[in-house]
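Trainee: Chains as they are written, first to last, in numbering that gives the first Met the number 0: chain A, 0 to 528; chain B, 0 to 372.
Rather than coming from a laboratory, the hints here were simulated on the basis of the structure.
All residues carry an ideal CB built from backbone N, CA and C; glycine is no exception.
Be careful, since some hints might not be right.
[Stated by the list, open to error] Which chain A residues face chain B? A few, computed with CB under 8 Å, are given here:
(1) Leu128
(2) Asp295
(3) Ser297
[Stated by the list, open to error] Straight-line C-alpha distance at most 25 Å; calculated DSS-like pairs for lysine-lysine:
(4) B:Lys7 / B:Lys350
(5) A:Lys180 / A:Lys209
(6) A:Lys115 / B:Lys214
(7) B:Lys315 / A:Lys505
(8) B:Lys350 / A:Lys116
(9) A:Lys165 / B:Lys161
[What the hints assert, rightly or not] Restraint-style ranges between C-beta atoms, simulated for each label pair:
(10) B:Arg213 / A:Asn12: 48 to 56 Å
(11) B:Glu368 / A:Glu334: 18 to 26 Å
(12) B:Ser271 / A:Pro100: 35 to 43 Å
(13) A:Asn384 / B:Thr113: 33 to 41 Å
(14) A:Gly274 / B:Lys7: 51 to 59 Å
(15) A:Pro161 / B:Gly14: 21 to 29 Å
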Amino acid sequence: MQTNSPPLLEMRNIKKDFFGNQVLTDINLTLHEGEVLGLCGENGAGKSTLMKILFGMDVIRETGGYEGEILLDGKPVSFSTPFEALEAGIGMVHQEFSLIPGFTAAENIVLNREPKKRNIFSEVFGERLDTLDYNEITGRAEAAIDKMGFHIEKNMRISDMPVGHKQFTEIARELSKENLKLLILDEPTAVLTEKEAEALLRSIRSMSEKGIAVIFITHRLHEILSVCDKVVVMRDGFVVSDVPAAETTVNEISKWMVGRNVSSADSRDIRDTSGSRTILSIRRLWVDMPGETVRDVSLDVREGEILGIGGLAGQGKLGIPNGIMGLYEAGGTVELDGKPIPLNAPRKCLDASLAFVSEDRRGVGLLLDETLEWNIAFPAMQVQNKFLRSYLGGLVKWRDEKGIREVTERYIDELAIKCTGSKQKARELSGGNQQKICLAKAFALEPKFLFVSEPTRGIDIGAKALVLNALKKFNRESGVTVVMISSELEELRQICDRIAIVSGGKIAGIRPASDPSEEFGMLMVSMVK
Amino acid sequence: MKNESFGKKILNFIGNNSVPILFVLICVICIPISGFSASYLINEIVTRMGRNIFLILCLLIPIMAGMGLNFGMTLGAMAAELALILVSDWQIWGIPGIVLAMILSIPFSIVLGTFCGKILNMAKGREMITSYIISFFMNGIYQLIVLYMMGPIIPIKHSNVKLPRGYGIRNSVDLIHMRQYLDNLIAVRIGGVKIPVLTFLIIGVLCLFIIWFRKTKLGQDMRAVGQDMNVARDAGINVERTRIISIVMSTVLAGFGMVIYLQNMGNIATYSSHSQIGMFCIAALLVGGASVDRASIGNVFLGVILFHTMFIVAPKAGAMITGDSMIGEYFRVFISYGVITLSLILYETKKRKSKSLVGQQLAQAQKDEEEKA
Numbered sequence: 000m001q002t003n004s005p006p007l008l009e010m011r012n013i014k015k016d017f018f019g020n021q022v023l024t025d026i027n028l029t030l031h032e033g034e035v036l037g038l039c040g041e042n043g044a045g046k047s048t049l050m051k052i053l054f055g056m057d058v059i060r061e062t063g064g065y066e067g068e069i070l071l072d073g074k075p076v077s078f079s080t081p082f083e084a085l086e087a088g089i090g091m092v093h094q095e096f097s098l099i100p101g102f103t104a105a106e107n108i109v110l111n112r113e114p115k116k117r118n119i120f121s122e123v124f125g126e127r128l129d130t131l132d133y134n135e136i137t138g139r140a141e142a143a144i145d146k147m148g149f150h151i152e153k154n155m156r157i158s159d160m161p162v163g164h165k166q167f168t169e170i171a172r173e174l175s176k177e178n179l180k181l182l183i184l185d186e187p188t189a190v191l192t193e194k195e196a197e198a199l200l201r202s203i204r205s206m207s208e209k210g211i212a213v214i215f216i217t218h219r220l221h222e223i224l225s226v227c228d229k230v231v232v233m234r235d236g237f238v239v240s241d242v243p244a245a246e247t248t249v250n251e252i253s254k255w256m257v258g259r260n261v262s263s264a265d266s267r268d269i270r271d272t273s274g275s276r277t278i279l280s281i282r283r284l285w286v287d288m289p290g291e292t293v294r295d296v297s298l299d300v301r302e303g304e305i306l307g308i309g310g311l312a313g314q315g316k317l318g319i320p321n322g323i324m325g326l327y328e329a330g331g332t333v334e335l336d337g338k339p340i341p342l343n344a345p346r347k348c349l350d351a352s353l354a355f356v357s358e359d360r361r362g363v364g365l366l367l368d369e370t371l372e373w374n375i376a377f378p379a380m381q382v383q384n385k386f387l388r389s390y391l392g393g394l395v396k397w398r399d400e401k402g403i404r405e406v407t408e409r410y411i412d413e414l415a416i417k418c419t420g421s422k423q424k425a426r427e428l429s430g431g432n433q434q435k436i437c438l439a440k441a442f443a444l445e446p447k448f449l450f451v452s453e454p455t456r457g458i459d460i461g462a463k464a465l466v467l468n469a470l471k472k473f474n475r476e477s478g479v480t481v482v483m484i485s486s487e488l489e490e491l492r493q494i495c496d497r498i499a500i501v502s503g504g505k506i507a508g509i510r511p512a513s514d515p516s517e518e519f520g521m522l523m524v525s526m527v528k
Numbered sequence: 000m001k002n003e004s005f006g007k008k009i010l011n012f013i014g015n016n017s018v019p020i021l022f023v024l025i026c027v028i029c030i031p032i033s034g035f036s037a038s039y040l041i042n043e044i045v046t047r048m049g050r051n052i053f054l055i056l057c058l059l060i061p062i063m064a065g066m067g068l069n070f071g072m073t074l075g076a077m078a079a080e081l082a083l084i085l086v087s088d089w090q091i092w093g094i095p096g097i098v099l100a101m102i103l104s105i106p107f108s109i110v111l112g113t114f115c116g117k118i119l120n121m122a123k124g125r126e127m128i129t130s131y132i133i134s135f136f137m138n139g140i141y142q143l144i145v146l147y148m149m150g151p152i153i154p155i156k157h158s159n160v161k162l163p164r165g166y167g168i169r170n171s172v173d174l175i176h177m178r179q180y181l182d183n184l185i186a187v188r189i190g191g192v193k194i195p196v197l198t199f200l201i202i203g204v205l206c207l208f209i210i211w212f213r214k215t216k217l218g219q220d221m222r223a224v225g226q227d228m229n230v231a232r233d234a235g236i237n238v239e240r241t242r243i244i245s246i247v248m249s250t251v252l253a254g255f256g257m258v259i260y261l262q263n264m265g266n267i268a269t270y271s272s273h274s275q276i277g278m279f280c281i282a283a284l285l286v287g288g289a290s291v292d293r294a295s296i297g298n299v300f301l302g303v304i305l306f307h308t309m310f311i312v313a314p315k316a317g318a319m320i321t322g323d324s325m326i327g328e329y330f331r332v333f334i335s336y337g338v339i340t341l342s343l344i345l346y347e348t349k350k351r352k353s354k355s356l357v358g359q360q361l362a363q364a365q366k367d368e369e370e371k372a
């Protein structure tokens with residue numbers, strides 16, 4: 000490492016909050032020319048936010064900017080758009096592809112930086128009528144592909160390419176920018192086959208030899224150890240460790256990632272449910288949920304337990320409830336109480352007394368412009384004819400306004416929902432209180448079985464505890480079986496009896512919640528695809 | 000095995016080109032029934048090609064920019080009509096009149112096109128219906144200008160243009176001194192078929208322009224914007240501006256196209272010429288095998304030939320079969336709307352199919368694994 004030259008990149012005391020929710024606290028990072036930094040951490044640890052700050056993404060500015068200082072080549076910088084970051088020599092390959100499907104690899108590599116030739120029309124009407132110089136385009140694309148060291152067909156259309164080659168096209172595009180000094184790769188190997196991933200690691204090494212610094216974000220920890228100079232592990236918005244890669248192991252990193260905080264373990268009351276009968280049995284389930292694909296999942300849920308489903312982002316844990324509830328296309332068999340549940344038919348699931356609290360609470364979970372009363376009573380009204388009064392022998396049904404108000408007020412009380420009254424609009428509540436409404440809605444259905452997906456995402460610690468307690472109480476008092484999906488292992492360990500870890504779209508293992516977090520950490524990264 | 004894959008290929012071909020194939024079938028059945036002579040048919044089709052192709056070609060540019068089948072061209076048609084009304088009132092006839100009308104339509108087209116483009120930028124993904132409604136709205140303004148402003152505000156002198164009440168424009172403006180001047184300037188007769196060489200030359204130049212345009216920076220940007228707006232924006236392309244430019248180009252070209260169309264017809268139906276033109280051009284393009292997101296020059300030519308053959312043949316064939324000529328008339332209107340509906344439905348089904356493909360692949364992969372084990 001060249002410690003005597005000034006660092007290429009230095010981030011000092013970076014802080015960021017989203018509307019009072021602290022997501023980054025005092026982050027310090029340094030990176031030298033040609034150095035490869037491995038950045039890892041669980042979902043929500045703050046990696047992406049940190050990279051967004053560095054890359055000057057709009058979302059940061061729109062949410063009130065950040066605190067702290069970024070120095071590039073010793074000079075303080077602050078990018079207000081990604082284009083300024085690009086100008087300064089920072090390139091980023093995002094998780095989602097940013098490619099034009101109908102263009103060839105070469106056209107994508109030089110997108111909007113195409114070499115051009117003047118002609119008569121462009122002299123008159125301006126340079127946008129310059130003709131493209133196709134020879135030069137191929138030349139530049141070739142040079143970038145050579146630099147990358149992994150061969151892709153430059154004249155192949157993106158839509159015809161295997162997914163791994165798309166990823167390499169993105170990398171080649173960044174490399175074709177001449178002033179590139181720092182390249183951020185956000186989980187680039189997630190979509191690659193093993194061979195391609197190896198090739199990528201080789202090309203990262205060759206970039207580093209050419210003096211390009213790389214920030215490499217990945218869940219595949221062995222990759223970090225094999226290619227990075229140093230490892231930075233983040234958790235809950237803090238940097239928990241910053242060590243040379245040579246001095247650590249996969250075990251150690253996964254321990255850092257999930258945290259070693261076991262103090263709360265004592266207060267938990269984990270029940271052994273091995274004697275209970277199976278209430279929900281899932282066999283060979285696949286779900287086509289974009290970004291959360293589920294492959295061949297078989298799982299038994301025991302009556303009366305709280306089963307946690309954990310795993311890293313994009314590994315398929317969200318796909319399981321969304322697939323079973325019929326929100327995304329799915330196949331396989333699901334049986335509740337021995338009776339098969341038809342897939343791809345949400346109404347049938349609800350009729351079978353399954354309920355689902357979606358992770359997408361603003362999109363799927365709430366009627367934002369309606370009152371709390373409506374939000375809580377609506378599904379029960381629709382699905383079970385509750386809160387309805389029949390007149391004329393069922394010909395006319397009227398809402399039972401009084402009943403609706405009573406139940407709403409009961410839940411507002413029980414869940415300590417902060418609002419001005421049962422007639423307030425759902426949109427006006429804070430994230431945490433909206434989440435409680437979603438729960439109340441599901442509780443009002445009085446289901447036999449409840450899926451809760453990411454119930455604590457984006458809400459503060461106080462609200463978190465309340466939501467988790469409400470869930471636990473609901474489970475214990477009504478005997479409802481709960482399956483909770485969460486990216487935060489610690490909260491799963493707090494309230495679940497057993498935890499299943501999903502990795503690479505499959506169940507990597509099921510352990511009692513009392514097992515140490517390292518065990519779960521290892522399962523999380525075991526089959527990452 | 001080989002035969003099977005060949006059969007599959009044929010099925011695929013039919014699936015991908017169902018609309019043009021359907022029309023070929025209709026034409027093949029109707030031509031002998033109608034009893035028209037070959038030379039009459041060819042003559043008619045060549046005339047209509049000269050009349051229409053330019054107009055349809057200008058639909059290609061918005062499609063390239065991902066704005067779908069765009070009724071923005073109706074605005075260009077209105078611009079051309081305004082220009083032609085003024086030119087005929089000034090009594091500038093012949094080729095100079097045609098050229099002047101084209102030039103005069105440019106500013107009108109640019110204003111209307113910019114307006115349309117700005118609104119379509121607020122309605123991304125719903126361009127087709129939005130542009131259709133804009134064309135209705137603009138039709139109202141056009142009528143306001145033509146009915147009430149032409150006369151008192153915009154001076155109109157000649158009584159053969161003006162309504163007898165003293166202001167407003169007649170239902171039909173005669174272009175007798177312009178009629179087919181462009182078509183006849185260099186016309187060649189081959190075996191009784193009149194070929195308007197100059198018109199075809201102009202169409203050829205436009206085709207070459209479109210091919211060349213695809214290779215310019217602006218063309219490349221339009222294609223990028225058309226395929227993925229967000230990616231294009233991330234790459235630094237000014238998406239909104241590019242889309243507006245594409246609509247303005249289309250409108251201006253549509254203005255030229257409408258002048259060509261009307262000089263061939265020989266009169267302007269002041270209040271209706273433009274209202275049907277968008278629908279028929281889009282129908283013709285779809286008949287040629289284009290879809291909402293893909294269209295080529297080949298589609299335009301094929302579409303015009305098939306659509307107009309049907310147009311010429313169907314009423315006569317209908318009259319022959321049923322003895323009622325109204326039936327044929329009814330059919331050609333019904334079919335042109337039907338084609339648009341059918342192609343849009345096919346386009347949606349195809350999109351759905353490719354979406355559920357992922358699911359099938361997942362199920363298949365699971366099955367394969369099972370068989371292995």
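Trainee: Okay, which hints does this one fail, numbers in order?
Mentor: Numbers 3, 7, 8, 9 and 13 - these are the hints that the structure violates, sorted from lowest upward.
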